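Novice: Chain by chain, the residues:
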Amino acid sequence: MRIEPPPGGQSLFDHQPELFATFNRLYGTLWSDGAVDQATKESGRIRNARLVDCGI
Amino acid sequence: MTGLVREPGTPGELTGLATGAAQLQALYDELWDAGVDPVTLELCRLRMATLIGSAADMGLREPRAVTAGLTEELVELLPSWPTAAEFTDAQRVALGFAEQYVIDAHGFTDDDMAVMHEHFTDPQLATLTTACATFDALARVRTVLAAS
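As you go down the protein sequences, you meet chains Z and W in turn.
Our numbering numbers the first residue of the first sequence as 1 and each following residue consecutively.
Our numbering numbers the first residue of the second sequence as 1001 and each following residue consecutively.
Misleading hints may appear alongside valid ones.
[What the hints assert, rightly or not] Some chain Z residues near chain W, calculated using beta-carbon distances under 8 Å:
hint, residue
1, R2
2, I3
3, Q10
4, H15
5, E18
6, L19
7, T22
8, R25
9, D33
10, L51
11, V52
12, D53
13, I56
Simulated from the structure, these hints should not be mistaken for lab results.
Owing to the predicted nature of the structure, the values given are computational and were not obtained by experimental measurement.
Cβ atoms here follow ideal geometry from the backbone N, Cα and C, with glycine treated the same way.
Produce the entire structure from the sequences given, and follow the hints as far as they go.
Specialist: As structure tokens, this is what we get:
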């Protein structure tokens, strides 16, 4: 990992926990709210991940 | 289109998703107070907008960056950031990261990150990464929606 997480953390974003929490609230809303069904959203997410070759 | 962006971070594209719009606005606002010089962040935002071709973003200036010292002279020099003496080494490193983020994320190397570590702390790198992700996403949304 190019940026190590802080002690007790799991990712680089744990270096900025408040910012990460704010992002996660938005991310959660994108999945749990809105007019588009989750299968369609997940299809888009997976397709995007494959296009940029993100293995996570 | 109506109801779209009028200033950086205004998430007008999400007007049909009020909660998400408010959360996106909160994320955008927090970025500017999360440990990275606002001028550096704004230079990255503008450079990414240029590469993506988001006219809506290119025409805007983040007030917090202007307050922190961003000048139009520096903005005009952005295309020559690798060599222009007006940019600090840290700004150059950040701009290189921002460009690579847009053009080819896989082209970013361990050596590139080592250089970034010379200029930014881990918390600052977390902020810069989150900021570039947000700027990239917003510029692409505004471009695909033809926001002006």
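Novice: For this structure, which hints from the list above don't hold up?
Specialist: Violated: hints 3, 10, 13.
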